[in-house]
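Student: Place chain B on chain A using the hints.
Line order of the protein sequences matches chains A and B.
The letter at position 395 of the first sequence is residue 395 when you use the numbering used here, and the numbering goes up by one with no holes.
The letter at position 89 of the second sequence is residue 89 when you use the numbering used here, and the numbering goes up by one with no holes.
Treat each hint with caution, since some may be false.
Stated by the list, open to error - Away from chain B, derived, C-beta distances all over 12 Å, residues of chain A: (1) H50; (2) R177; (3) R229; (4) G232; (5) Q295; (6) R344; (7) L388; (8) L435.
To be verified - Chain B regions said to be covered by chain A (calculated; three or more residues, Cβ under 8 Å): (9) 112–124; (10) 135–149; (11) 197–211.
It should be emphasised that the hints constitute simulated quantities derived from the structure, not laboratory data.
Here a beta-carbon is modelled for each residue, glycine too, at the ideal position from N, C-alpha and C.
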Amino acid sequence: MVKPLIFTNARIIDPSRQCDEYGSLIVIEGKIAAAGAQAHNQGRPEGAKHYDLGGRVVIPGLVDGRAFIGTADSLPGETVKTTGAAAAAGGVAALVAVAEKGGAPADTVTAIRALCAAGQNGSLVPIYPVAALTKGMEGCELTEFGLLRAAGAIALAEGHETLRNSAILRRAFQYARDYDLPVMLETQEADLSAGAVMTEGWQASFMGLPAAPRAAEAIALQRDMELARLTGVRYHAAHISTAPAVEIIRQAKAEGLAVSAATSINSLSFNETAIGAYDSAWRFFPPLRAEEDRQALIAAIADGVIDAVTSCHEPRSADAKARPFAAAAAGAVGLESLLPAALRLYHSGHISLLRLIEVLSTRPAQIFGLPGGTLQPGAAADFAILDLEETWLFAKDKLASACNNTAFDKMPFQGRLIAGFINGKAVYERNLSNLSVL
Amino acid sequence: MKKSSPPSLPFCPDLSSLTAIRPLSPAQITALLDRAENYIALSRQKNKKQPLFSGRTQINLFFENSTRTRSSFEIAGQRLGLDNVSIDIDHSSVGKGETLLDTALTLNAMQPDIVVLRHNCSGAADFLAPRLDCALINAGDGTHEHPTQALLDALTIRRAKGRLAGLNIAICGDILHSRVARSNLFCLGLLGARLRLIAPSTLLPAGIEQSGAEIFHSMAEGLQNVDVIIVLRLQKERMTGAFFSSEREYFHFFGLDAAKLAPAAPDCLVLHPGPMNRGVEIASAIADGPRSLIRTQVENGVAVRMAVIEALLTMRDYQPAGAKAARGNRPAGQKAAGGKSRV
Numbered sequence: 001m002v003k004p005l006i007f008t009n010a011r012i013i014d015p016s017r018q019c020d021e022y023g024s025l026i027v028i029e030g031k032i033a034a035a036g037a038q039a040h041n042q043g044r045p046e047g048a049k050h051y052d053l054g055g056r057v058v059i060p061g062l063v064d065g066r067a068f069i070g071t072a073d074s075l076p077g078e079t080v081k082t083t084g085a086a087a088a089a090g091g092v093a094a095l096v097a098v099a100e101k102g103g104a105p106a107d108t109v110t111a112i113r114a115l116c117a118a119g120q121n122g123s124l125v126p127i128y129p130v131a132a133l134t135k136g137m138e139g140c141e142l143t144e145f146g147l148l149r150a151a152g153a154i155a156l157a158e159g160h161e162t163l164r165n166s167a168i169l170r171r172a173f174q175y176a177r178d179y180d181l182p183v184m185l186e187t188q189e190a191d192l193s194a195g196a197v198m199t200e201g202w203q204a205s206f207m208g209l210p211a212a213p214r215a216a217e218a219i220a221l222q223r224d225m226e227l228a229r230l231t232g233v234r235y236h237a238a239h240i241s242t243a244p245a246v247e248i249i250r251q252a253k254a255e256g257l258a259v260s261a262a263t264s265i266n267s268l269s270f271n272e273t274a275i276g277a278y279d280s281a282w283r284f285f286p287p288l289r290a291e292e293d294r295q296a297l298i299a300a301i302a303d304g305v306i307d308a309v310t311s312c313h314e315p316r317s318a319d320a321k322a323r324p325f326a327a328a329a330a331g332a333v334g335l336e337s338l339l340p341a342a343l344r345l346y347h348s349g350h351i352s353l354l355r356l357i358e359v360l361s362t363r364p365a366q367i368f369g370l371p372g373g374t375l376q377p378g379a380a381a382d383f384a385i386l387d388l389e390e391t392w393l394f395a396k397d398k399l400a401s402a403c404n405n406t407a408f409d410k411m412p413f414q415g416r417l418i419a420g421f422i423n424g425k426a427v428y429e430r431n432l433s434n435l436s437v438l
Numbered sequence: 001m002k003k004s005s006p007p008s009l010p011f012c013p014d015l016s017s018l019t020a021i022r023p024l025s026p027a028q029i030t031a032l033l034d035r036a037e038n039y040i041a042l043s044r045q046k047n048k049k050q051p052l053f054s055g056r057t058q059i060n061l062f063f064e065n066s067t068r069t070r071s072s073f074e075i076a077g078q079r080l081g082l083d084n085v086s087i088d089i090d091h092s093s094v095g096k097g098e099t100l101l102d103t104a105l106t107l108n109a110m111q112p113d114i115v116v117l118r119h120n121c122s123g124a125a126d127f128l129a130p131r132l133d134c135a136l137i138n139a140g141d142g143t144h145e146h147p148t149q150a151l152l153d154a155l156t157i158r159r160a161k162g163r164l165a166g167l168n169i170a171i172c173g174d175i176l177h178s179r180v181a182r183s184n185l186f187c188l189g190l191l192g193a194r195l196r197l198i199a200p201s202t203l204l205p206a207g208i209e210q211s212g213a214e215i216f217h218s219m220a221e222g223l224q225n226v227d228v229i230i231v232l233r234l235q236k237e238r239m240t241g242a243f244f245s246s247e248r249e250y251f252h253f254f255g256l257d258a259a260k261l262a263p264a265a266p267d268c269l270v271l272h273p274g275p276m277n278r279g280v281e282i283a284s285a286i287a288d289g290p291r292s293l294i295r296t297q298v299e300n301g302v303a304v305r306m307a308v309i310e311a312l313l314t315m316r317d318y319q320p321a322g323a324k325a326a327r328g329n330r331p332a333g334q335k336a337a338g339g340k341s342r343v
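Okay, chain A solo, but in the shape it has when bound:
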């Protein structure tokens, strides 16, 4: 039998109960027994291992709503195992894995079964696969939504693409609604953003880089909203990055559509000036935007329009990045930097800690119907302990991922993970024993 755990002197953050209070956390048999001020009065379970957190913070483990695994430009050494280790080191307790075109497939029952098996057994952190919307992500024939769901797919997506053909997309939405699968799409209009590596504007112009207008995002998103209204699909905008897109989501929600939206930590952390002298570490798709877009995204998290913040983890080999900017692979690994980078928004006073953890954990768990995201008594004991104040430098050579294409190398962070638990078992710890009370 596993020993019960008790963490006293903890600041308990549980967005599922709008709880931010000092108290204790008690874990018995892999489940939360109590969390919060009232747990303080419940005494200590017999034989419990006791940690005095000294005011440090307990949060539900993060639920990363979008991480790419098996990407085309990844290293062979980047496996489900290394991905799981990276997630654990980032305080992530559940990971929504999306496939991309050209990478490992996710359009057949066999592929989804294999991903599920690997994600449950071969990884420290459970990985939940998202199935492709169309076969081979070619945008023509629908995959077997019902069978894929039965095999373990939790949602449908089309990698980094959207569907050009609105008639096929409409039917896909209708069909997905019948099987109650959420559809998460990236919303960049394909022709306007073809070849684009920057946002249209003076910055892209003087650098001579191909760029797409911000309208490319609004156009694709607005079409999807109309189709969502037409079909009643559960629609999740996988990565909005511009101010106009925020307004489209705001309207759709006001109208009562079953719509949710996410953005990535990259879009929240950087604007288009980050790329400096063509540094491919900051090559992303969708590309980095203007500062006003970044500010609009932050405001939209605070006021509830944006539901989730993802790592948008995209492992790429150093070779795929060591190319001139436009020819380099897009994306950055993000599992290990998601939490500390997000904490910048808390320390800067833009977003409360409770709201921040809500978009990193509670809301994505609800959107994808996953366990976790809560410290309610009876829930699985998926939680993380962090020191909000510790300052440290992020270093690409210390990552658990095999690929180290981070955009945060050598950047200072305030706030650091001490331990991550899944089902009451530590999957990551760093000096936790220092807090142990004998």
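Tutor: Relative to the frame of chain A, chain B by itself:
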């Protein structure tokens, strides 16, 4: 004429590589132009050689076709005494970019002193410069910059007009796809010229109004009282992307002919970076007419490139030993001993 002794320190415009005009200061640009004046005189002598840098190696690495730019760099290097190797790589036959780094590092291992790079990716020069142990000159990267072209245009105008400050200079044509336009915009702007850009809206880059230039969509308005016109080459393959509808229509509205030149100042000069599409962006009567400086540009190109090569090599020679070691640049005179293999 200058003797072939090492240049005095004041001519050292603090450049370790030349990838773009935008980060330069007016003083740096002026220093390069002043130096180039000397080399125009030198190039008109019978003996055109001033072997300041004999024994050094220059590699011209061209991933895009070029006749005039490449030969201009070759001649510039040879006149300064450098040994010259030119490598043409058909970029369509190699994988994107990755080969650029491999190729460059292979050549780097042969201990060149200067690499001249032309590549179809914007930012290729900025990408390579910190990865090489030698100086690098950008000879055109994608739609980013072509700095020596802007310098030679500035020199040509300055010699013809005696100044740049206060001149009205119009750049006409496909500004969107032109690295020459971008370099000229910064170079001429930094030197105090008043710039106008004339093009159909589809051939202007986004946010161009932030560049400080005046924007026109009509030649009649844009060419009023201009002192200099720089006509850009129109790439015919742009028609497929719906940037314009036909050469006929383009020439009608934007091709420079005698009628369109009429509102310009009486002593207005015409430049073109070449190669020209006669009858598309410029009429032959103008290109070969008395106002055209197109051949002079080519002559000045060699002089400007000599000045740039001299500036970069001098900078490296006078660098305190180890000052740039962190960037991977070796101190002067330690080539063989450095033993820094990066391949």
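Student: Would you check whether the claim that G232/A is not at the interface survives, using Cβ distances to chain B and the 12 Å cut-off?
Tutor: 38 Å, holds
Student: For H50/A, is the shortest CB-to-CB distance to chain B above 12 Å, so the non-interface label stands?
Tutor: H50/A is indeed farther than 12 Å from all Cβ atoms of chain B, at 50 Å.
Student: Please verify that the nearest CB of chain B lies beyond 12 Å from L435/A's CB.
Tutor: Label holds. Min Cβ-Cβ 41 Å, cutoff 12 Å.
Student: Once the closest CB in chain B is found, is it more than 12 Å from Q295/A?
Tutor: The assertion about Q295/A holds, with a minimum of 19 Å to chain B.
Student: Please verify that the nearest CB of chain B lies beyond 12 Å from R344/A's CB.
Tutor: 28 Å, holds
Student: Would the least Cβ to Cβ distance between L388/A and chain B come out above 12 Å?
Tutor: L388/A clear of chain B: closest Cβ-Cβ about 35 Å, beyond 12 Å.
Student: In terms of beta carbon proximity below 8 Å, does the region 112–124 of chain B have 3 or more residues touching chain A?
Tutor: holds (count 5)
Student: Quick one: see if chain A covers the region 135–149 of chain B, three-plus residues with Cβ-Cβ under 8 Å.
Tutor: holds (count 5)
Student: Count the residues of the region 197–211 of chain B whose CB lies closer than 8 Å to any CB of chain A, then report whether that count reaches three.
Tutor: holds (count 6)
Student: Please check whether the beta-carbon of R177/A is more than 12 Å away from every beta-carbon in chain B.
Tutor: Holds: least Cβ distance 38 Å, greater than 12 Å.
Student: Verify that the Cβ of R229/A lies farther than 12 Å from every Cβ atom of chain B, and report whether the claim holds or is violated.
Tutor: Correct as stated: the minimum Cβ-Cβ distance to chain B is 32 Å, above 12 Å.
In summary, this structure violates none of the numbered hints.
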